[in-house]
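> What follows is the residue order along each chain.
Number of protein chains: 2
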Amino acid sequence: MIGPVFDRIAIIGAGLIGSSIALAARENGAAGKIAIYDADEEVRRRARQLGLGEVCETAANACADADCVILCVPVGAIEAACEALAPSMKPGAILSDVGSVKEKALAAMQTHCSEGVHLIPGHPIAGTEKSGPEAGFSTLFRDAWYILTPLPQQEEAYNSALDRLAAFWEMLGSKVEIMEAGRHDRVLAITSHLPHLIAYNIVSTAYDMESVGEGEVVKYSAGGFRDFTRIAASDPTMWRDVFLNNREAVLETLGRFSEDLAALQRAIRWGDGDTLMKEFERARGIRKAIIDAGQDTSDVNFGRNMSDKPKH
Amino acid sequence: MIGPVFDRIAIIGAGLIGSSIALAARENGAAGKIAIYDADEEVRRRARQLGLGEVCETAANACADADCVILCVPVGAIEAACEALAPSMKPGAILSDVGSVKEKALAAMQTHCSEGVHLIPGHPIAGTEKSGPEAGFSTLFRDAWYILTPLPQQEEAYNSALDRLAAFWEMLGSKVEIMEAGRHDRVLAITSHLPHLIAYNIVSTAYDMESVGEGEVVKYSAGGFRDFTRIAASDPTMWRDVFLNNREAVLETLGRFSEDLAALQRAIRWGDGDTLMKEFERARGIRKAIIDAGQDTSDVNFGRNMSDKPKH
Chain A
264 MIGPVFDRIA
274 IIGAGLIGSS
284 IALAARENGA
294 AGKIAIYDAD
304 EEVRRRARQL
314 GLGEVCETAA
324 NACADADCVI
334 LCVPVGAIEA
344 ACEALAPSMK
354 PGAILSDVGS
364 VKEKALAAMQ
374 THCSEGVHLI
384 PGHPIAGTEK
394 SGPEAGFSTL
404 FRDAWYILTP
414 LPQQEEAYNS
424 ALDRLAAFWE
434 MLGSKVEIME
444 AGRHDRVLAI
454 TSHLPHLIAY
464 NIVSTAYDME
474 SVGEGEVVKY
484 SAGGFRDFTR
494 IAASDPTMWR
504 DVFLNNREAV
514 LETLGRFSED
524 LAALQRAIRW
534 GDGDTLMKEF
544 ERARGIRKAI
554 IDAGQDTSDV
564 NFGRNMSDKP
574 KH
Chain B
264 MIGPVFDRIA
274 IIGAGLIGSS
284 IALAARENGA
294 AGKIAIYDAD
304 EEVRRRARQL
314 GLGEVCETAA
324 NACADADCVI
334 LCVPVGAIEA
344 ACEALAPSMK
354 PGAILSDVGS
364 VKEKALAAMQ
374 THCSEGVHLI
384 PGHPIAGTEK
394 SGPEAGFSTL
404 FRDAWYILTP
414 LPQQEEAYNS
424 ALDRLAAFWE
434 MLGSKVEIME
444 AGRHDRVLAI
454 TSHLPHLIAY
464 NIVSTAYDME
474 SVGEGEVVKY
484 SAGGFRDFTR
494 IAASDPTMWR
504 DVFLNNREAV
514 LETLGRFSED
524 LAALQRAIRW
534 GDGDTLMKEF
544 ERARGIRKAI
554 IDAGQDTSDV
564 NFGRNMSDKP
574 KH
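First to last, the sequence lines map onto chains A and B.
Position one of the first sequence corresponds to residue 264 (my numbering), numbered consecutively onward.
Position one of the second sequence corresponds to residue 264 (my numbering), numbered consecutively onward.
Misleading hints may appear alongside valid ones.
Distance condition first, Cα-Cα at most 20 Å in a straight line; then the derived EDC-like pairs of lysine to aspartate or glutamate [stated by the list, open to error]:
no., chain 1, residue 1, chain 2, residue 2
1, A, 551, A, 535
2, A, 551, B, 397
3, B, 353, B, 342
4, A, 393, A, 522
5, A, 482, B, 443
6, A, 482, B, 440
7, A, 438, A, 555
8, B, 541, A, 392
9, A, 551, B, 523
10, A, 296, A, 433
11, B, 551, A, 392
12, B, 541, A, 471
13, B, 393, A, 544
14, A, 482, B, 562
15, A, 541, B, 443
16, B, 541, B, 523
17, B, 393, A, 303
18, A, 296, A, 328
19, A, 541, B, 342
20, B, 393, A, 555
21, B, 296, B, 328
22, B, 551, A, 555
23, A, 393, B, 342
24, A, 482, B, 471
25, A, 482, B, 328
26, A, 296, A, 320
27, A, 393, B, 544
28, B, 353, B, 328
29, A, 541, B, 328
What follows is a list of derived Cβ distance ranges for each label pair [as the list claims (entries may be wrong)]:
no., chain 1, residue 1, chain 2, residue 2, range
30, A, 430, B, 529, 42 to 52 Å
31, A, 536, B, 353, 26 to 36 Å
32, A, 423, B, 518, 53 to 63 Å
Don't read these hints as lab results, they were simulated from the structure.
Beta carbons: idealized from backbone N, C-alpha and C, even for Gly.
Please model the entire structure based on the sequences and the hints provided.
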């Protein structure tokens, strides 16, 4: 039996990710004590009801004596959270986060991080379209990648802290990868940020199609549209902050997307079926690679089970 | 016990839709005899092995004596199929199709349709990302919409044929809607055609991101990208034909999408978080409406079950 990696962790922010960390850490015995804080009093009340851990009334209280503090707030809220809690962190503790953008998250944490605290940004490639403390579940991180973007060339104490944080995430079921922060932001721009932006955008376009009317968009959404609405239902604040804080990589990736789309548009206008075929055929290869890599189910329609759903 | 709607049906094209119709018609007793034909000899061989029905060596043979002929071929192949089989259809029989574009499908069928044959185009709002005769299953159409786009102002014999075709699809489990062909094409442009085009396009963009490399796109696809790869794995020929044959509606819808995307791009560039929040917040409403209408599962992540999948 392996003991807990940390005697005490503090989770700041009790949304989907924060509450899932609390549940997973307890279930897997990865932390002795779990302190949790949320800036929203109502969320703290619900976190207490859900039994997510020792719910504290201030971030400073949660972080005092913590061996590891994990910020689970939108990227835009990281700096203010750090300012409030950094003075109460003990020397040798780890300060980490779960933000979807790593360069800006790192910069925000560095502003207020005390000497002697080990700053190790992180990001789970896991989530759902639901938000809030009730959305959390203990297996969210199981078999999912967890990316750590540590500072370069550090001393032995830092590297030892990095090993502990990696061990913590492995106990929660994750597969840990080390990556440079800027590279993380460019990779996630295409694998996560652009897909969310596109999904939000097509939902907006559909919403506004007055020639169709919302009723028909919903009614015939099984034609493909419904697939996009899932990730477009994700937390608006979190995603606003992602786009504002990974601007350069998102705009670069979006530029490529728009160029490619213009080429498809031109092929449609001029009846160039060969160009369309060429693009469409290679898409199957990526789908197969994703399934082969264990990153999606091979069940048709994602294995959706509609049989227990209301019929209209 | 209700008897079969048709004594004999002919299915032309043994792909996902054609094979599913064959299996569903038999399981639900909607047709006495099921004749099936595919232009590809190898597909005919597999259809025979799968026991999809009486597999014929020519379309004319399949259609002789059929009370209802359903073309299950890509939209671009409808006219040639009609030319081959129209002369052998018996008077009073129904000629229908399952194409995703209805104005052009209607025009293609009208070119060769004999006097006395009732031409009633149709389109199931059902499908999966898989193709070929092995992809079919008998419950594909259950609780799904089936849109019929009949000719306007017809005689009693035509209206009676329309009632029979609707009854056939209802026996297969579908909910039948009547719609004007042009309206169908505009509605499906936003609910199905644009989503597929966008999905194909983002997969292409990801494929070409040399700064990232395909390995990382696949590895971290759970961040959102994988959702798009499902519909982008759909049959390339079918989708090429959809875009070439619903050009005006797709270009119009795509124009709106691009305008909206440019507005989001501008908001990101100028740090306009309010605009992003406003767009992102209303997306949740459409997701909820789709779930309330029974058009998608409320399970998180589409209820994906990854536990039996390979781990890397």
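> Each hint needs a verdict: does it hold in this structure or not?
Hint check:
Our distance criterion of 20 Å between C-alpha atoms is broken by residue 551 of chain A and residue 535 of chain A, whose separation comes to about 26 Å. Restraint check: the Cα-Cα separation between residue 551 of chain A and residue 397 of chain B comes to about 17 Å, which is no more than 20 Å; the hinted pair holds. Distance restraint check for residue 353 of chain B and residue 342 of chain B: the Cα-Cα separation of roughly 18 Å lies within the 20 Å cut-off, and the hinted pair is therefore satisfied. For a cut-off of 20 Å, the pair hint linking residue 393 of chain A to residue 522 of chain A is broken: about 32 Å separates their Cα positions.
Between residue 482 of chain A and residue 443 of chain B the CA atoms are separated by roughly 16 Å; this keeps the pair inside 20 Å, and the hint holds. At roughly 11 Å between alpha-carbon atoms, residue 482 of chain A and residue 440 of chain B fall within 20 Å of each other, so this suggested pair holds. A hinted pair counts as satisfied when its Cα atoms are at most 20 Å apart, and residue 438 of chain A with residue 555 of chain A qualifies at roughly 17 Å. At most 20 Å may separate the alpha-carbon atoms for a hinted pair to count; residue 541 of chain B and residue 392 of chain A meet this at roughly 18 Å.
For the hint pairing residue 551 of chain A with residue 523 of chain B, the CA-to-CA distance comes to about 31 Å; that exceeds 20 Å, so the pair is violated. Only pairs whose Cα atoms come within 20 Å are accepted, and residue 296 of chain A paired with residue 433 of chain A is accepted, the gap being roughly 18 Å. Between residue 551 of chain B and residue 392 of chain A the CA atoms are separated by roughly 12 Å; this keeps the pair inside 20 Å, and the hint holds. A threshold of 20 Å between alpha carbons decides the hint, and for residue 541 of chain B with residue 471 of chain A the separation of about 14 Å falls inside it, so the pair holds.
At most 20 Å may separate the alpha-carbon atoms for a hinted pair to count; residue 393 of chain B and residue 544 of chain A meet this at roughly 13 Å. Under the criterion of a C-alpha separation no larger than 20 Å, the hint pairing residue 482 of chain A with residue 562 of chain B is consistent with the structure, at around 19 Å. Among the hinted pairs, residue 541 of chain A with residue 443 of chain B is inconsistent with the structure: their alpha-carbon atoms are about 33 Å apart, more than 20 Å. About 13 Å separates the Cα atoms of residue 541 of chain B and residue 523 of chain B, which keeps this hinted pair within 20 Å; it holds.
As the CA atoms of residue 393 of chain B and residue 303 of chain A are separated by approximately 46 Å, the hinted pair breaks the 20 Å bound. In summary, the hint linking residue 296 of chain A to residue 328 of chain A is supported, as the alpha carbons are separated by about 10 Å, within the 20 Å threshold. In summary, the hint linking residue 541 of chain A to residue 342 of chain B is not supported, as the alpha carbons are separated by about 24 Å, beyond the 20 Å threshold. Note on residue 393 of chain B and residue 555 of chain A: the hinted pairing holds, with a Cα-Cα distance of about 16 Å set against a maximum of 20 Å.
Proximity of residue 296 of chain B to residue 328 of chain B is assessed by CA-CA distance (about 10 Å); at most 20 Å being required, the pair is judged to hold. A C-alpha spacing of about 32 Å is found between residue 551 of chain B and residue 555 of chain A, which places the hinted pair above 20 Å, so the restraint is violated. Restraint check: the Cα-Cα separation between residue 393 of chain A and residue 342 of chain B comes to about 47 Å, which exceeds 20 Å; the hinted pair is violated. For the hint linking residue 482 of chain A to residue 471 of chain B, the alpha-carbon distance of about 35 Å lies beyond 20 Å, and the restraint is violated.
With a CA separation close to 37 Å, the supplied pair residue 482 of chain A and residue 328 of chain B exceeds the 20 Å bound. Between residue 296 of chain A and residue 320 of chain A, the direct Cα distance comes to roughly 16 Å. Compliance with the 20 Å bound is thereby established for this hinted pair. For the hint linking residue 393 of chain A to residue 544 of chain B, the alpha-carbon distance of about 13 Å falls within 20 Å, and the restraint holds. Taken as a hint, the residue 353 of chain B and residue 328 of chain B pair is honoured in the structure, with Cα atoms around 6 Å apart against an allowance of 20 Å.
Between the alpha carbons of residue 541 of chain A and residue 328 of chain B the distance comes to roughly 40 Å, so the proposed pair goes past 20 Å and is violated. Checked against the hint of 42 to 52 Å, the C-beta distance between residue 430 of chain A and residue 529 of chain B comes to roughly 44 Å, which is consistent with it. At about 35 Å, the beta-carbon gap between residue 536 of chain A and residue 353 of chain B stays in the expected band of 26 to 36 Å. Between residue 423 of chain A and residue 518 of chain B, the C-beta spacing of about 57 Å keeps the proposed range 53 to 63 Å intact.
In terms of the numbered hints stated before, the structure departs from hints 1, 4, 9, 15, 17, 19, 22, 23, 24, 25 and 29, listed from lowest to highest.
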